[in-house]
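**Q** As they're listed, the protein sequences go chains A and B. Using my numbering, the first residue of the first sequence is number 70, and each one after it goes up by one. Using my numbering, the first residue of the second sequence is number 801, and each one after it goes up by one.
Simulated from the structure, these hints should not be mistaken for lab results. Computed from a predicted structure; not experimentally measured. You may find that some hints are simply not true.
Said to hold, decoys possible - To give a feel for the contact side, a few chain B residues facing chain A, derived at Cβ under 10 angstroms:
#1 H818
#2 A825
#3 W839
#4 L852
#5 F869
#6 N884
#7 C887
#8 D913
#9 M934
#10 D936
#11 F940
#12 Y955
To be verified - According to the in silico footprint, chain B covers these stretches of chain A (three or more CB under 8 angstroms from chain B):
#13 361-370
#14 420-430
Think of the CB as a built atom: it goes at the ideal place given N, C-alpha and C, for glycine as much as any other residue.
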Amino acid sequence: MPAESVLLRFMEGEGTADLDAYLRAGGYAAARHALTALTPEGVIDIVDQSGLRGKGGAGFPTARKWKFIPRGAPLKYVVVNGDEAEPCTFKDHMLLERAPHLLVEGIIIAAYAVGARKAYVYVRREGYLARERLRQAVAAAHARGFLGRKIFGTEMDLDVVVHSGAGAYIAGEETALLESLEGRRAMPRQRPPFPAVFGLYGRPTVVNNVETLSHLPAVIRLGAEAYRALGPPALFSVSGHVRTPGVYELPLGTPMRQVIAAAGGLRAGRRFKAAFPGGSSSAILTAEHLDVPMDYEPLRAAGSMLGSASLIVMDDTTCIVRVVARAVAFYKEESCGKCTPCREGTYWLSQIFDRILTGRGRAEDLELLAHISRGMSNGACFCLLGESVPPSLEASLRHFRHEYEYHIRTGRCDVEEALAAAVVPGA
Amino acid sequence: MPPLPDEARDEIRRLPDHYEQRRSALLPALFVAQREIGWLPPEALQEVADLLDLPLSDVTAVASFYRFFFLEPPGRHLILLCTNLACLLNGAEGLRRHLEERLGIRPGQTTPDGAFTFRESECLAACHLAPMLMVDRERFGPLTPRAVDELLERYRAR
Ligand SMILES: Cc1cc2nc3c(=O)[nH]c(=O)nc-3n(C[C@H](O)[C@H](O)[C@H](O)COP(=O)(O)O)c2cc1C
Ligand code: SF4
Ligand code: FES
Numbered sequence: 070m071p072a073e074s075v076l077l078r079f080m081e082g083e084g085t086a087d088l089d090a091y092l093r094a095g096g097y098a099a100a101r102h103a104l105t106a107l108t109p110e111g112v113i114d115i116v117d118q119s120g121l122r123g124k125g126g127a128g129f130p131t132a133r134k135w136k137f138i139p140r141g142a143p144l145k146y147v148v149v150n151g152d153e154a155e156p157c158t159f160k161d162h163m164l165l166e167r168a169p170h171l172l173v174e175g176i177i178i179a180a181y182a183v184g185a186r187k188a189y190v191y192v193r194r195e196g197y198l199a200r201e202r203l204r205q206a207v208a209a210a211h212a213r214g215f216l217g218r219k220i221f222g223t224e225m226d227l228d229v230v231v232h233s234g235a236g237a238y239i240a241g242e243e244t245a246l247l248e249s250l251e252g253r254r255a256m257p258r259q260r261p262p263f264p265a266v267f268g269l270y271g272r273p274t275v276v277n278n279v280e281t282l283s284h285l286p287a288v289i290r291l292g293a294e295a296y297r298a299l300g301p302p303a304l305f306s307v308s309g310h311v312r313t314p315g316v317y318e319l320p321l322g323t324p325m326r327q328v329i330a331a332a333g334g335l336r337a338g339r340r341f342k343a344a345f346p347g348g349s350s351s352a353i354l355t356a357e358h359l360d361v362p363m364d365y366e367p368l369r370a371a372g373s374m375l376g377s378a379s380l381i382v383m384d385d386t387t388c389i390v391r392v393v394a395r396a397v398a399f400y401k402e403e404s405c406g407k408c409t410p411c412r413e414g415t416y417w418l419s420q421i422f423d424r425i426l427t428g429r430g431r432a433e434d435l436e437l438l439a440h441i442s443r444g445m446s447n448g449a450c451f452c453l454l455g456e457s458v459p460p461s462l463e464a465s466l467r468h469f470r471h472e473y474e475y476h477i478r479t480g481r482c483d484v485e486e487a488l489a490a491a492v493v494p495g496a
Numbered sequence: 801m802p803p804l805p806d807e808a809r810d811e812i813r814r815l816p817d818h819y820e821q822r823r824s825a826l827l828p829a830l831f832v833a834q835r836e837i838g839w840l841p842p843e844a845l846q847e848v849a850d851l852l853d854l855p856l857s858d859v860t861a862v863a864s865f866y867r868f869f870f871l872e873p874p875g876r877h878l879i880l881l882c883t884n885l886a887c888l889l890n891g892a893e894g895l896r897r898h899l900e901e902r903l904g905i906r907p908g909q910t911t912p913d914g915a916f917t918f919r920e921s922e923c924l925a926a927c928h929l930a931p932m933l934m935v936d937r938e939r940f941g942p943l944t945p946r947a948v949d950e951l952l953e954r955y956r957a958r
């Protein structure tokens, strides 16, 4: 455990789901300090200077988002996004299960900063353990006077309600989440107006990711400068072909190679082939990018993005066509159907991948894939779900075109064949 | 169809207290009804609509949108096999074939004895366990075909 870790140390070993364990680790001191010694504007300033950016995927500066909340509004809400359904992102569930009080404390700080008295935490249906631990944490915090009426003896009231999703990836998109929380189908709303102005029940609403808010206790405890000097820190979900897949806390900007090393490196005898640096919506990178710093701007310059900081590692046993086909199948399954480019585009892409992978590919299919992909780009889709498809598809067509062509020409997979040949030498 | 027991009806009536608008209680209310009956027959949708004073069409529209509302009776246990990227890269396709063979059904179906409903799932936010699956509320992984067989045996008995 890195001595300076700000989140991981609450998650390791037994974790700190137990309130006394969390208090022994210094828990709730930051929230108490914020409410008793700082003004809301003071809190926002510290968060601003800390460099904290949204961990849900978009990376929007957290304090800047809070500043959009109108001061005088009588009712405001904090809504926490715990949908975490972006493929291969699992840090939020890890936080909720092992250190739920970090989020509860973060909610108190955020609610104080923006003047909200009620918070909702939306957790995807399958997060049973996460919800149970969070509910227990909320109840325990309430019993100690950290939530409820006049918390920490101040004039502030705050209630936290844990709300279950019902199975829909699109509910992670913030306006679709609000629709779902209001008891409707999870379909994105037109933006603007943004939730900060017109959110839950039309009230000013801050929507933040679980990890984003879980950083707040450290931001307040350390102060902006010391926090920022840690990277600033971030949780990376590392999965795929690494020896010890898991959630790792590392400074933003850690080179991809070192993030892979933190997860135990590749398996014996395997070579790196490619990776998604930020979940399946981020463009696939290849070995030439192994030294790219895992941070917003460098990844954008490399043609990809940090997204939810979910590094999916693929070694030389991977058929890229199959991987991209699976990613496309995900977006087809999860398309809410509201707009045509996404609904139809993902459907047709899936059809084409299906025929390529079953040996019925046609010579013109690669041009067709590229054409459909273009039709889903540059704002063609109503929300970012549809726009998540083209980056990886286009990157794979660029870097691994020969794999597609081999599938189409022979009906077979060159990666599988090479593997089989290696297993039975001379066969 | 057994109507909802009184306690469940009271529970649903209290749900709107947590929200500024009553309608927010719809998803939680449907889960209460489903917990009692095992699925959501038309009578249950009507009852939820009555209890929350919402049009039945709104209730049906919501119940049919999300994948964890069952509009047909599922098996006693729900198997969600994750086949998204981290699990795919670690052998989920082999597990899918293994499960199909052992259960004698395809994803989306229920075994004839009513023990299991089997679904392929998107990422379940537990990629450190890849390849993994969930049975009801529990996660299992990293899995081997053998471990899958043991799970099936254990749950079939319940
Ligand atoms: C299709 C789609 C799915 C999303 N899923 C999630 C999610 O599961 N969790 C999350 O925190 N943000 C998700 N987001 C981003 C949210 O819309 C929003 O930007 C985020 O919750 C804001 O919180 P943050 O600023 O703290 O990151 C998703 C966005 C899109 C377009
Ligand atoms: S892009 Fe896809 S998910 Fe987003 S609104 Fe359009 S159909 Fe729905
Ligand atoms: S890909 Fe299977 S749990 Fe994430």
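**Q** Each hint needs a verdict: does it hold in this structure or not?
**A** How the hints compare with the structure:
no.	hint	in the structure
1	H818	5 angstroms, holds
2	A825	7 angstroms, holds
3	W839	14 angstroms, violated
4	L852	8 angstroms, holds
5	F869	6 angstroms, holds
6	N884	5 angstroms, holds
7	C887	9 angstroms, holds
8	D913	25 angstroms, violated
9	M934	6 angstroms, holds
10	D936	9 angstroms, holds
11	F940	13 angstroms, violated
12	Y955	16 angstroms, violated
13	361-370	violated (count 0)
14	420-430	violated (count 0)
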